[in-house]
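So the protein lines, in turn, are chains A and B.
Start counting the first sequence at 43; every next residue gets the next number (my numbering).
Start counting the second sequence at 438; every next residue gets the next number (my numbering).
Derived by calculation from the structure, the hints in this document are not laboratory data.
Since the structure is predicted, the reported quantities are computational estimates derived from the model, not experimental observations.
Where is the CB? At the ideal position from N, CA and C, for every residue including glycine.
Mixed in with the good hints, there may be bad ones.
[Claimed, not checked] Cut-off 27 Å, straight-line C-alpha distance, at most; resulting in silico cross-link-like pairs (DSS-like, lysine-lysine):
{"no.": "1", "chain 1": "A", "residue 1": "K64", "chain 2": "B", "residue 2": "K529"}
{"no.": "2", "chain 1": "A", "residue 1": "K88", "chain 2": "B", "residue 2": "K529"}
{"no.": "3", "chain 1": "B", "residue 1": "K631", "chain 2": "B", "residue 2": "K567"}
{"no.": "4", "chain 1": "B", "residue 1": "K529", "chain 2": "A", "residue 2": "K132"}
{"no.": "5", "chain 1": "A", "residue 1": "K132", "chain 2": "B", "residue 2": "K533"}
[As the list claims (entries may be wrong)] Which chain A residues face chain B? A few, computed with CB under 10 Å, are given here:
{"no.": "6", "residue": "D65"}
{"no.": "7", "residue": "S104"}
{"no.": "8", "residue": "A105"}
{"no.": "9", "residue": "A108"}
[Unchecked claim] Per the computed footprint, the stretches of chain B lying under chain A, defined by three or more beta-carbons under 8 Å from a beta-carbon of chain A, are:
{"no.": "10", "segment": "524–530"}
{"no.": "11", "segment": "557–568"}
{"no.": "12", "segment": "587–598"}
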Amino acid sequence: MSTITNRQAICDVLVEQAKNDKDIVVVCSDSRGSASLATFASTYPKQFVEVGIAEQNLVGISAGLASCNKKVFAASPASFISTRSYEQVKVDVAYSNTNVTLIGISGGVSYGALGMTHHSCQDFAAMCALTGMRVYCPSDRFQTTKLMQALLEDDKPAYIRVSRSATEDVYDETIDFQFDKANVIQQGTDVVLIACGEMVPYAKKAAKQLEALGISTGLIDMYCLKPFDQETLFEQTKQAKLVVSIEEHAPQGGLGSFVAQALSMHQPKRMIQLCLPDEHLISGTNKEMFAYYGLDEDGIVKAVQNAL
Amino acid sequence: MNELKRKSYELRKDIIEMMYASKAGHVGGDLSVVDILTVLYFEIMNIDPKNFEDPNRDRFLLSKGHCADALFAVLGERGFYDKQEAIQTFSKYNSKFIGHPNTEVHGVEINSGSLGHGLSIGVGMALAAKMNDQEYRTYVVLGDGEMAEGSNYEAMMAASQYHLDNLCATIDVNGLQISGTTDEVMSTASLANKFADFGWHVIEVADGNDCMQLVDAYTQAMQMKEKPTVVIAHTVKGKGVSYMENQKSWHHGVMNEEQYKQAIREIEEVLA
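One chain only, chain A, in its complex shape (with noise of 0.2 Å):
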């Protein structure tokens, strides 16, 4: 298993980038450390800012600076970037469209204990409902750091939801990524799982668990929850019997809230949604989590046997 963490992967590419180019600029909120970006700190200090626990001030100097022509990374916990600093994203950052990346960081229930407060379990539905936003969550260091890359090519807002610990690797450096299209894992024609973040490796071995009991298993990696790439879903859900989402999300306007919407409406299909229920949650580490709501291999593969 790999033991490099995604917001890592993320350090790894601005740290890189800004060798050349000095309006990459991030900033924190006492989460340099969190964030793992406190080498890209003290590499270039200059490109680097501190505004202490104040996360609406974190998302109103970013867009500041973004309309200066900075290319702004604010980093922060998914739980208070997306929904503290909702106001500011909302306004500074998608309305005004204002070249900043948020970076949320420890995303759905990577904190484990620290419970309610720290888990992000509505962060997709936030980000996604506003107009201007774009929303991604890759699963492997391999996707992040594709996905950075591509990221730092163009001047519009963006939110990332990365994990806590390292995911375990999906892909190799030799990954296929398209900006803004789905990673298609496996083709099948019984059921197609699609998954996005950490999901995506849980589904990946429930895929190879179906299939060893012969059924015939889909796997897409749908880290673009917005915009959302509805024509790969199509196509590769044209066959299937049974469709399943799988989310680290509340189930409300998440990744199976979109693939609902879109099949409902273009392509009806027998569906079933994986996720967070909209509950408090139980304690334990987010592994123990995942196992409690069935969001694990085992209940990822019991799920699809049951609907078959």
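Once you've looked at the hints, dock chain B against the given chain A.
Showing chain B alone in chain A's frame:
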């Protein structure tokens, strides 16, 4: 009468025309802030409507965005667009001159309207100037009612932390907001002490509707090193129209024909 005062009263007339034509807008605050805008746009700021993309232009943010009406009049007068278009279409169907500053309007730096955002954005703009060794200054205008927004205090801390002597905030202290006096609604008393405690250089302007006092304040602010400056401008809401002055009902009151005529007459008397 000096030129700036003349300009600010001519702009008052434009604002009254705009408010009467649209039956919308925030006329009370427009008339308290218009002298501040006049001084900044016609005396202080380095800004050129023909070269607005100039990276070295001074930056302006109207954080009290509901007074966009006044800003639209000023930008039109300053040559950013045909002023009559703003006056005639403000708040009307499919107009870009909506009730808040937005970047569809030439000369507007960033969208605003939700209170408590401008100062943080201004900190970012001022930081960018420092990073790039650029000389431009950033001016942010806020309302006194707006000072109840907590985000302002986050921005005040950061401006001081980074010694942003290229940042100048102005508080348009007209003492009134939609529900009553600022003291009744949420006291922002001793704004000077608040800013000073946060490490700002404070300039109080006794009459914030007096253009020359404002010019002095902004000129002094430019000399300040290491600290951001706040100009606390004590203004009169509805200034220049007798029945509007210091009346909360004129926060966004709509004039009838008689009131409109009286407002124009009173302004013309000053100009005569």
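Here is what the structure says about each hint:
At roughly 44 Å between alpha-carbon atoms, K64(A) and K529(B) are farther apart than 27 Å, so this suggested pair is violated. Simply put, K88(A) and K529(B) have alpha-carbon atoms about 46 Å apart, too far for the 27 Å limit, and the pair is violated. A threshold of 27 Å between alpha carbons decides the hint, and for K631(B) with K567(B) the separation of about 25 Å falls inside it, so the pair holds. Restraint check for K529(B) and K132(A): the C-alpha separation of about 24 Å stays at or below 27 Å, so the hint holds.
For the proposed pair K132(A) and K533(B), the alpha carbon gap of about 20 Å is at most 27 Å, so the pair holds. Interface hint at D65(A): satisfied, since its Cβ lies 9 Å from the closest Cβ of chain B, which is below the 10 Å cut-off. A distance limit of 10 Å between C-beta atoms decides the matter here; for S104(A) the minimum to chain B is near 6 Å, and the interface restraint holds. At its closest, the beta carbon of A105(A) sits 5 Å from a beta carbon of chain B; the interface hint therefore holds under the 10 Å criterion.
The beta carbon of A108(A) comes within 7 Å of a beta carbon in chain B, closer than 10 Å, and the hint placing it at the interface holds. Evaluation of the coverage hint for the segment 524–530 of chain B: breached, as 0 residues show C-beta separations to chain A shorter than 8 Å, against a requirement of three. With a cut-off of 8 Å between beta carbons, the segment 557–568 of chain B has 11 residues touching chain A; three or more are needed, and the interface restraint holds. For the segment 587–598 of chain B, the stated coverage by chain A is satisfied: 7 residues place a CB nearer than 8 Å to a CB of that chain, which reaches the threshold of 3.
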